[in-house]
Amino acid sequence: MEDELNKWEGLWQQQKASDIDIDKLTCRLIKLERITKFQRLLLLLVSVFTIYSMYTHLTLNSYNVTAALIILTGLLILLIPLLKKKSDINNINNYQFVENHIQYLKKKLLIPKVYFLIFITLFILALNIAFIGALKNTYWTYKMLFHFSTIILFIVLLIVRKVGIKNYNHEILPLIKKLKNINK
Amino acid sequence: MNKKERKFKDVYQQSKDKIYRLCLGFSGNKTDADDLFQEVYIKVWNNLHSFRNESNINTWIYRIASNTAILFIKNKKINNEKISQLQPENLRFENNEDKILDEEIMKLYQAIASLKEKDRIIISLLLEKSSYSEISKIVGISISNVGVRINRIKKTLTKKMNNYGR
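Protein chains in written order, with numbering that gives the first Met the number 0: chain A, 0 to 183; chain B, 0 to 165.
Treat the hints with care, as some may be off.
To be verified - Below 25 Å or equal to it, Euclidean Cα-Cα: the simulated DSS-like pairs (lysine-lysine) are: (1) A:Lys23 x B:Lys153; (2) A:Lys183 x B:Lys153; (3) B:Lys115 x B:Lys42; (4) B:Lys15 x B:Lys115; (5) A:Lys179 x B:Lys8; (6) A:Lys106 x B:Lys42; (7) A:Lys15 x B:Lys8; (8) B:Lys153 x A:Lys179; (9) A:Lys84 x A:Lys107.
Everything labelled a hint here was simulated from the structure, so no lab data went into it.
Just need the whole structure built from these sequences, with the hints factored in.
This is the structure:
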């Protein structure tokens, strides 16, 4: 057995890395890093601009403010798990890495199941509150029409959620199973 | 060249061959090994700030490489069908580039690639002359378990290599 191992070791060590242009790779990585920084800055600027526009252009009545706050809360509930960092890759062993990744994937499954449901409920609630304020002095039928349209939107979003759950389950559940097998 | 670039190139020069071997042992073919190899160094670049010079570079980079490999295979959706294609009796060289490689070397790499994921990492580390203690730190199993698994892997691998010759 030891002879076999020595033979394998000899064969194994003969393989050398394919030639990759390290300078080119480094340049690409620097470029990617800059793009990521730029995207973060852009996202921050867009958020600031949106809040500023809402503050200056939106009639600041209690209905609109409440609706905006509810949508903001819904967005935060949805964005926080989406933007959560994946597990550390360099300071943990394979066993812990796989365990952490399984937990990460399980939490990801909750995005369409729980967080998206909370978001769409809050979104529809916010729309209805905004409509109450905006349609105060209009006909009763108009009011009904707008409120009814939010119910249709809610149903459409529920269907989207259902498709999302199906896709997530299809993609994530086999991975969880495979990762669990690795750690057996 | 800034400090990060210099450090990255140093790490690359020190580790490229062993990381490539680990990638090839894990994937069993040159195309996937090349992709995995690049992915590992992208992760190295992104995590370079967390590497401290006083810690062991081998353990640090092997952890990145093996963790990336585990997820890479998952992302590549290498399913059981493809794994079964890596069984020695089904082994075929994939393209001209592979033909250039010595048949014996490729046989070994492909036989290793047909093992379970963790076993692939363990045998790759062993063939890189890593100690049991280092393997245990990278894989996350006890040293005695490393020994048990290595014995099992050796037997399986001998069988696979022998079948190959028939």
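Here is how each hint holds up against the structure:
Distance hint between A:Lys23 and B:Lys153 is unfulfilled; the C-alpha atoms sit about 40 Å from each other, more than 25 Å. For the hint linking A:Lys183 to B:Lys153, the alpha-carbon distance of about 20 Å falls within 25 Å, and the restraint holds. Distance restraint check for B:Lys115 and B:Lys42: the Cα-Cα separation of roughly 23 Å lies within the 25 Å cut-off, and the hinted pair is therefore satisfied. As the CA atoms of B:Lys15 and B:Lys115 are separated by approximately 24 Å, the hinted pair is consistent with the 25 Å bound.
At most 25 Å may separate the alpha-carbon atoms for a hinted pair to count; A:Lys179 and B:Lys8 exceed this at roughly 35 Å. In summary, the hint linking A:Lys106 to B:Lys42 is supported, as the alpha carbons are separated by about 23 Å, within the 25 Å threshold. A C-alpha spacing of about 17 Å is found between A:Lys15 and B:Lys8, which places the hinted pair at or below 25 Å, so the restraint holds. Using a Cα cut-off of 25 Å, the hinted pair B:Lys153 and A:Lys179 holds, with the two alpha carbons roughly 24 Å apart.
Restraint check: the Cα-Cα separation between A:Lys84 and A:Lys107 comes to about 11 Å, which is no more than 25 Å; the hinted pair holds.
Comparing the model with each earlier hint shows violations of hints 1, 5; every other hint is respected.
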